[in-house]
Amino acid sequence: MSASPPAPGDPALLETLFARMVEVRFLEEGLRAAHKAGQTRGPLHCCDGQEAVGVGATAALAPGDVVTSTHRGHAHYLGRGLSLERVLGEIFGRASGYCQGRAGHMLIADRARGMLGGNAIVGGGIPVAVGQAWALQALNTGAVALSFFGDGAAQTGVCHESMNIAALWRLPVIFLCEHNEYGLTVAASQQSAVRDIAVRAQGYAMPGVVVDGNDVLAVRSATAEAAARARAGEGPTLIEAKTYRMTGFSTSDMGGYQSREEMAAWAPRDPIERAAAALGPAFAPRRAEMEAQLRARVEAAFAAALAAPFPDAGDLLLPEYRHA
Amino acid sequence: MSASPPAPGDPALLETLFARMVEVRFLEEGLRAAHKAGQTRGPLHCCDGQEAVGVGATAALAPGDVVTSTHRGHAHYLGRGLSLERVLGEIFGRASGYCQGRAGHMLIADRARGMLGGNAIVGGGIPVAVGQAWALQALNTGAVALSFFGDGAAQTGVCHESMNIAALWRLPVIFLCEHNEYGLTVAASQQSAVRDIAVRAQGYAMPGVVVDGNDVLAVRSATAEAAARARAGEGPTLIEAKTYRMTGFSTSDMGGYQSREEMAAWAPRDPIERAAAALGPAFAPRRAEMEAQLRARVEAAFAAALAAPFPDAGDLLLPEYRHA
Amino acid sequence: MAKLRYAQALNAALREEMARDPTVVLFGEDIAAYGGVFKVSRDLLQEFGPARVRDTPISEATMTAMAVGASMMGLRPVLEIMYADFLPLCLDALVNQASPARFIWAGQVELPFVLRTQGGAGAGAGAQHSKSLDAMVAHIPGLKVVAPAFPADAKALLKAAIRDPDPVIFLEHKLLYNSFGEVPDDAPPEPIGKAKIVREGAAVTLIASSRMVIEALAAAETLAGGGVEAEVIDLRTLRPLDTETIFASVRKTHRAVVVNEGWRFCGYAAELSAAIAEACFYALDAPVQRLGLADRAIPYSAPLEAAALPNAEAIAAAALRTLQ
Amino acid sequence: MAKLRYAQALNAALREEMARDPTVVLFGEDIAAYGGVFKVSRDLLQEFGPARVRDTPISEATMTAMAVGASMMGLRPVLEIMYADFLPLCLDALVNQASPARFIWAGQVELPFVLRTQGGAGAGAGAQHSKSLDAMVAHIPGLKVVAPAFPADAKALLKAAIRDPDPVIFLEHKLLYNSFGEVPDDAPPEPIGKAKIVREGAAVTLIASSRMVIEALAAAETLAGGGVEAEVIDLRTLRPLDTETIFASVRKTHRAVVVNEGWRFCGYAAELSAAIAEACFYALDAPVQRLGLADRAIPYSAPLEAAALPNAEAIAAAALRTLQ
Ligand SMILES: Cc1ncc(C[n+]2csc(CCOP(=O)(O)OP(=O)(O)O)c2C)c(N)n1
Ligand SMILES: Cc1ncc(C[n+]2csc(CCOP(=O)(O)OP(=O)(O)O)c2C)c(N)n1
Ligand SMILES: [Mg+2]
Ligand SMILES: [Mg+2]
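Same order as they appear, the protein sequences are chains A, B, C and D.
Mapping the first sequence onto the numbering used here, position 176 (from 1) lands on 176, and the numbers just tick up by one.
Mapping the second sequence onto the numbering used here, position 172 (from 1) lands on 172, and the numbers just tick up by one.
Mapping the third sequence onto the numbering used here, position 162 (from 1) lands on 162, and the numbers just tick up by one.
Mapping the fourth sequence onto the numbering used here, position 228 (from 1) lands on 228, and the numbers just tick up by one.
Hints in this document: simulated from the structure, not taken from any laboratory.
Keep in mind that this is a model prediction, so the values were computed, not measured.
The beta-carbon is built from N, C-alpha and C at its ideal position, and this holds for glycine as well.
Among the clues, some could well be false.
Here are some chain A residues pointing at chain C (derived, C-beta under 7 Å) [stated by the list, open to error]: (1) His35; (2) Cys99; (3) Arg111; (4) Ala138; (5) Tyr321.
Construct all of the structure, not just a fragment, from the sequences and the given hints.
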């Protein structure tokens with residue numbers, strides 16, 4: 001995994017993905033400020049430095065596909081096309097949120113866009129995705145299930161069980177491990193007996209692919225290949241995207257465990273800057289224009305979300321099995 | 001894995017192990033009859049055809065070592081030197097049993113001989129063994145923990161988590177997978193995405209060894225090697241012993257899923273006959289004599305166990321946290 | 001009207017629902033060719049083919065989460081968990097995935113899956129194969145929990161469970177599978193959430209579920225011999241609880257005995273006792289009598305196991321205590 | 001006597017026990033260098049070294065079973081499970097391994113481990129990070145369950161838990177970690193199984209544990225303003241339950257309000273309500289009032305979460321209902 005700029009490939013596509021990554025970054029900048037201002041509840045999990053994984057992988061999917069996300073889902077949400085305003089509505093606990101404020105930032109779901117859904121149980125989404133893939137297969141939809149999870153989640157029991165069953169049943173599922181070097185505060189080397197999670201794919205006779213997770217086009221094409229295999233009935237793929245969490249695990253992180261050297265080594269590999277570099281010097285003015293637009297869009301979404309009403313506590317008085 | 005006789009190696013040792021395997025076989029023959037006679041409760045899990053695994057592996061252990069067993073533990077129990085009579089007492093639910101009749105056939109424990117213990121949760125003993133190994137390491141005992149489990153158990157989440165932690169912490173544990181081709185009635189090919197469980201050891205950067213599970217000396221030496229590594233602080237080993245369950249999964253098996261051809265193919269690899277063959281034709285008269293002695297010993301143990309009293313129901317009236 | 005065994009009634013329900021709705025699929029361990037260790041899915045593989053009746057590896061945690069994922073994408077999976085003792089392996093998926101999904105996502109998905117399992121002691125199956133963990137699943141909001149005592153209810157409620165939009169935990173009993181009963185041929189599904197008075201009486205109300213209904217009826221028979229006419233309520237559904245039927249009966253008899261085969265402390269019968277005492281405070285002439293399993297791991301040996309279990313004799317004695 | 005925060009009191013207990021007994025070891029996620037996400041093990045890595053304070057991968061099921069295995073071999077492990085919401089992942093090891101071991105093996109082993117975790121809502125942590133699953137662990141025989149409300153008890157009971165020969169589930173509360181209290185410097189361990197009257201009164205008994213004790217005390221304050229003197233019992237231990245203290249108080253006040261922060265249906269407060277109504281039937285002047293969490297997954301948005309939780313106002317209102 002080098003820090004060299006990716007080949008520009010399809011420049012129009014790269015520009016689109018660049019914009020999406022920037023949107024995620026701006027969203028998180030705004031969220032951090034909102035958190036400081038006491039407008040959110042509980043710790044928020046940002047993905048600075050990892051945007052290329054969520055944005056690149058979701059860019060390879062089709063509308064009927066379904067995604068399970070994690071506690072660190074902002075890039076997955078926006079990558080999948082969820083509305084900024086309704087994501088923010090949910091994070092601010094408003095009735096306008098995707099789940100009317102009931103889910104909060106870690107559990108956002110949008111059925112219409114195949115985001116089912118965020119998950120704050122580490123590893124929890126993996127076997128759910130296997131079940132989703134089973135349904136997609138059994139109902140002959142031709143669709144695939146993509147499950148995002150971290151290097152920490154790769155050590156959970158359900159990860160093993162899920163890969164085994166998915167491989168046995170040749171399910172259309174993509175296991176996408178975002179290896180960001182940490183599970184909370186503990187380094188991957190203290191959590192995983194192997195450096196490359198992808199090695200474990202051999203234990204399930206399925207392909208295991210390592211990809212530069214800070215190269216948005218590389219992530220997209222690895223995912224596209226896995227999706228094609230899945231749609232062709234060839235079963236699951238494990239993709240390990242090597243990346244780095246450039247900030248703390250959440251807004252409540254007290255820090256002190258990511259070394260200065262390590263952070264400095266990763267800084268130049270920022271996926272946004274790498275995409276910009278690949279788009280060449282001519283992109284600079286266009287970039288400024290795009291960023292201004294995106295910033296305005298994100299600010300408008302914050303304003304709208306914060307203006308929305310809170311849900312009514314009467315929701316809780318609905319009969320137990322009536323949810324809406 | 002061929003059906004050729006093992007090299008005799010140390011003939012005295014092989015004779016001892018032969019006798020132990022025969023003792024297990026006789027025990028199980030007696031148990032099947034007792035089950036038919038209604039003297040036991042619940043289904044019994046026999047290990048005909050697999051005796052070499054339990055007997056060979058335990059023969060490589062030292063007194064301070066500790067073993068976790070499964071629902072199919074007769075060879076592990078006798079291999080570890082448990083008394084026939086007290087094992088039978090437990091199986092018959094008598095006060096004379098290792099656990100005063102409370103445990104029954106699947107959960108037998110004998111602390112003194114490091115059998116802790118049988119387990120009827122598939123995979124359940126594996127992480128317990130990792131914990132035991134941690135204690136053995138932390139307390140500088142120089143001892144090892146050996147965990148028996150089946151090919152079915154290898155698919156459980158705790159198996160993955162356990163191997164990862166054991167490898168990370170370099171714990172003195174031996175993962176001994178008895179691959180007998182079935183998990184209950186379902187063939188291994190329908191349960192495991194890979195034929196050789198040992199392949200998965202690569203996913204934990206630990207050695208994975210395949211051994212002929214019907215060759216008692218081969219199992220013993222593979223285990224001895226793993227134990228030496230563990231004692232030297234080099235961490236865990238996964239041993240996969242290829243064997244075959246020559247009868248049903250338990251006395252309640254209704255059969256019909258093990259093909260005649262498959263059973264016929266394995267019949268000549270019976271570990272007892274292979275050991276006898278390796279001991280050469282001169283062993284025949286000695287064998288007859290040994291078998292007669294063993295049969296008498298097993299019969300005496302049955303008689304003694306069946307003559308022992310049942311426990312007193314008053315046991316249940318003890319305060320909850322007083323167990324004896 | 002046919003006389004069927006409880007296992008056959010369940011089998012008929014599965015067959016009819018599978019014929020009626022192609023999205024109904026079965027999965028679990030040893031349920032396909034073997035038909036399940038209790039033969040509840042007998043012949044269904046032959047009738048509906050391998051895509052709809054699938055054996056799984058031993059991976060209960062993942063299987064349960066798969067039911068969540070598959071059901072939200074349009075399948076109606078019926079999962080068999082071989083023993084209720086393995087429910088703890090399923091609980092994360094139930095508590096953290098199935099329970100919140102419909103409410104927290106504000107009704108965006110349905111989760112029409114059924115988790116069938118069987119519990120209960122009395123067969124000498126030991127501490128890990130005999131438990132009734134009703135209380136653990138009944139505690140979880142968003143789930144429904146059903147526990148039929150008779151073949152007709154087993155069939156009609158399983159049909160209802162399969163058609164229900166919420167996750168249903170369907171608790172069977174190993175000692176009931178062979179019990180016979182009249183089962184109407186074209187019975188419609190029986191509504192979930194309705195208890196049934198299975199014997200009328202005015203002196204005392206005996207409230208039970210699953211096999212304890214049989215014990216309660218036997219107790220009522222004994223009591224009738226002594227001139228005491230007990231009313232017996234078969235709960236059939238444990239969540240949501242039909243308090244209307246229970247309270248009406250207790251307001252009539254002024255006395256109640258509640259029984260559950262799970263552990264007594266913090267068990268399901270505590271909910272019954274509490275609910276009755278809270279709602280029928282002024283109607284009760286005597287303290288509610290609560291019976292459950294002795295607060296011990298279930299011992300194997302026959303006299304110990306028998307002493308641990310509530311039975312007809314204990315129920316009759318408890319009823320008489322309310323009349324003193 | 002020092003004024004310490006609850007988290008500091010726990011930290012002091014760990015430090016003192018580790019200094020006293022070299023077999024006490026700590027393990028869990030992010031507990032070593034980081035000191036735990038709630039800082040309960042702060043500085044202990046530095047003081048006692050990496051062999052006694054160990055970070056683990058995210059593998060709760062295995063970690064719990066490791067505590068079982070390690071404790072039976074002579075360590076006294078203290079396991080931190082980051083959120084009580086993850087207890088379901090631990091339940092198989094608790095229900096099927098820890099619970100039976102001492103009784104079923106007739107006392108051959110001790111299992112001196114502690115599983116510390118923290119639960120509770122009110123922080124906007126959402127459905128998967130806010131639960132109190134007291135009822136699930138309190139149901140399990142052979143375990144002890146402790147849930148302190150005050151720093152002094154937190155310290156003294158954690159010391160007792162570490163020295164106890166049985167598995168102890170130690171339930172902390174995220175909103176209590178920063179609460180202050182007087183903590184004696186050389187306090188001896190406090191016996192497990194003893195409730196404490198934290199406010200005396202004759203009009204009604206309020207019974208609670210953990211953070212709900214604080215709410216009950218606030219309710220008592222309000223009630224006193226209206227001339228109603230409530231007695232408040234802090235249970236401190238949930239299993240075994242100190243029925244003696246509870247019943248004596250209820251026999252004095254003739255009225256009881258029971259509160260638990262877990263779900264109401266089939267929850268821990270049901271046990272309290274049932275036990276009181278059964279034992280104090282003739283002493284009660286009004287039905288026991290039972291308060292618990294609304295039977296819903298815990299919503300994120302502040303007004304919804306607040307409406308779901310029992311609080312001082314609801315407790316005071318319930319107390320007044322007993323006095324009507
Ligand atoms: C089952 C479970 N255990 C522990 C946690 C607490 N926790 C939240 S995030 C996290 C680290 C996850 O690491 P990784 O999977 O690599 O994801 P990342 O945070 O790096 O995106 C932990 C331990 C949890 N949420 N769920
Ligand atoms: C967690 C769990 N799931 C299912 C079962 C039921 N069961 C008992 S033995 C068995 C097969 C185990 O296969 P394997 O591990 O290969 O052991 P073997 O029986 O072949 O010795 C099953 C599914 C169980 N006891 N525990
Ligand atoms: Mg990570
Ligand atoms: Mg097997």
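Q: Have a go at the A:Arg111 hint: is there a Cβ in chain C nearer than 7 Å to its own Cβ?
A: Where the cut-off is 7 Å and the nearest Cβ of chain C is about 4 Å from A:Arg111, the hint holds.
**Q.** Evaluation of the interface hint that places A:Ala138 against chain C, nearest CB under 7 Å
**A.** holds (6 Å)
**Q.** Evaluation of the interface hint that places A:His35 against chain C, nearest CB under 7 Å
**A.** Violated: closest Cβ of chain C sits about 21 Å from A:His35, beyond 7 Å.
Q) Regarding the hint that A:Cys99 lies at the interface with chain C, is the smallest CB-CB distance below 7 Å? A) The hint holds - A:Cys99 has a Cβ within 7 Å of chain C, the shortest such distance being about 5 Å.
Q | Residue hint A:Tyr321, partner chain C, criterion CB-CB below 7 Å | A | holds (6 Å)
The structure does not agree with numbered hint 1 stated previously, though it agrees with all others.
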